[in-house]
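K.L.:
Here is what each chain is made of, one letter per residue.
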Amino acid sequence: MSGCMRQEPDGARADYNFAYLDEQTKRMIRRAILKGLAIPGYQVPFASREMPMPYGWGTGGVQVSAAVMVPEDRFKVIDQGADDTTNAVSIRAFFERTAGVATTTRTREASVIQTRHRIPEEPLREGQILVYQVPIPEPLRFLEPRESETRKLHALEDYGLMHVKLYEDIARHGHIATAYDYPVRVEARYVMDPSPIPKFDTPKLADCPAIQLFGAGREQRIHALPPYTRVVPLDFEDHPFEASKPDHPCGLCGATDSYLDEVIVDDAGGRIFVCSDTDHCEARRDSGHVGEDTA
Amino acid sequence: MSAHAEMTPLLSVRGVSKRYGAQIGCADMSFDLYPGEVMGIVGESGSGKSTLLACLAGHLRPDTGSVLFDTRADGLRDTVRMSEPERRMMSRTDWAFVHQNPRDGLRMAVSAGGNVGERLMAVGARNYGDIRRSAVDWLDRVEIDTGRIDDRPSTFSGGMQQRLQIARNLVTGPRLVFMDEPTGGLDVSVQARLLDLLRGLVRDMGLSAIIVTHDLAVVRLLADRLMVMKSGCVVEAGLTDQVLDDPQHAYTQLLVSSVLQV
Ligand SMILES: Nc1ncnc2c1ncn2[C@@H]1O[C@H](COP(=O)(O)OP(=O)(O)O)[C@@H](O)[C@H]1O
Ligand SMILES: [Mg+2]
Ligand SMILES: [Zn+2]
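Protein chains in written order, with the numbering used here: chain A, 435 to 729; chain B, -14 to 247.
In short, the hints are calculated from the structure, not lab data.
Every value quoted in this text rests on a predicted model; they were computed, and no experiment measured them.
Be a bit skeptical, because a hint or two may be false.
As the list claims (entries may be wrong) - Output of the computed footprint for chain B on chain A, the stretches with three or more beta carbons under 8 Å from beta carbons of chain B:
1. 594 to 601
2. 604 to 616
3. 670 to 684
To be verified - Residues from chain B shown here face chain A by an in silico Cβ test under 8 Å; the list is partial:
4. A39
5. P70
6. R73
7. V95
8. S96
9. E103
10. M106
11. A107
12. R111
13. N112
14. Y113
15. I116
16. G132
17. D135
18. G158
Just so it is clear, CB atoms sit at the ideal spot from N, CA and C, and this is done for glycine as well.
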């Protein structure tokens, strides 16, 4: 629809329904985003719209991306680090179609990056926006299912429960077993759910030059981290947070400092570890880095 | 009373009333509780004991009256008019509340150790080893096998659950403990063991407590003073032995005689 609109010479009409959502809705979402940026880590309710895709596909992230996108943007979508999964390809195509924006797989070139479950390896810079798809934005949900009560706990900074969860982890497993979605305290105020990123990525949330926005479609919540925000993982003095990853180099590019996925490579069940961030791995290989498993 | 003349009460209740619509919960309650004292509140079911206790502990807002508590920082403060964060902080540190049903006072999905450690973590404890040691210590003090520290309370007997609830409440060294029928719902032999344990803790820690019960044996064993409630009002109050051995009010006489028949 907007593809036709954009053909019109009249500039005022040209952007009408740019990026699928109507202007009214985008204004409402932008207000929620601005409120989120003003109160880092606070979950702002918003009236989530029906999107032409199922909830599990990141409709919260898509609405946030649609609300912040401008025609000059260059858009990247990653799903667990990869640009080429069905999910990533569909969302990228959706915005090519409805906003006509340029797309890229290069972290460096992108101005808006929508992500599911990863933060790119390449350090983000000022001017970039990272949009997270969030399934459950409430970090207290697992021990306190009542929404009325969790709101009160946030309001009163009553976060003892979060440490109870970590205590239970250590009691049961001997260490903090929470490997994804690791809870963090933002600016010494709100405890925030960072979406299911691996804890390897958790330190990248902190002091980041880019704007980070988190959209939960089904749960109708947006939260945000403005640039250079203090973000601290919850832990114990004698069980400090550790950003762990598999102890291997990438089989394709040899990187020793990137987050790795274990993949099966042949019918005999052979496995190799490769960078989960496909753009990062390709860029390294393009500049001559080689791993042990490159045929 | 004259013995307390120069002391500041720990809790000073003034004219507390609570209605549920037309129904009276409790009416115009006033009394003082001094440090180290255990006050028993008895009366038949529906006489307003739980309502009063909930008003004192900040779970219910009374319609009228004030509840002055001797805070560590600022002396006597009206907890009814405190901000919610202040009141919550109070209930995590200086107050404890033991519910009749341990399910209301425990996290059933969290291990025994986690249940005991929660209040410590809520007030900032961040050393796992220390929290664990406190949990072991408290399980031991309430006579729970410390080998059960990682088990969930759902695997415990009713008596163990109640003892765990007590440990979870006392771990931060509260100055005032509210108990609502702490032995209710337990078998008689289990009740006796819990009462012995409570009596030991009250003595050793010098606890101040308000215990609501319909069981006169409980107050006989634990309470220094007694208030007898009927239809939301106090009909008689005094030293426990005096009230039980020489009841003045006809209603108290009835209560005492019915327990004697048991
Ligand atoms: N939530 C409530 N709504 C309406 N009436 C209540 C409620 N709770 C208690 N009451 C009434 O208030 C009176 C005192 O109840 P309660 O404080 O529970 O007494 P007790 O603990 O001595 O059994 C009773 O008449 C009871 O029915
Ligand atoms: Mg009651
Ligand atoms: Zn690689």
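K.L.:
Which hints, by number, does the structure contradict?
P.N.:
4, 16, 18
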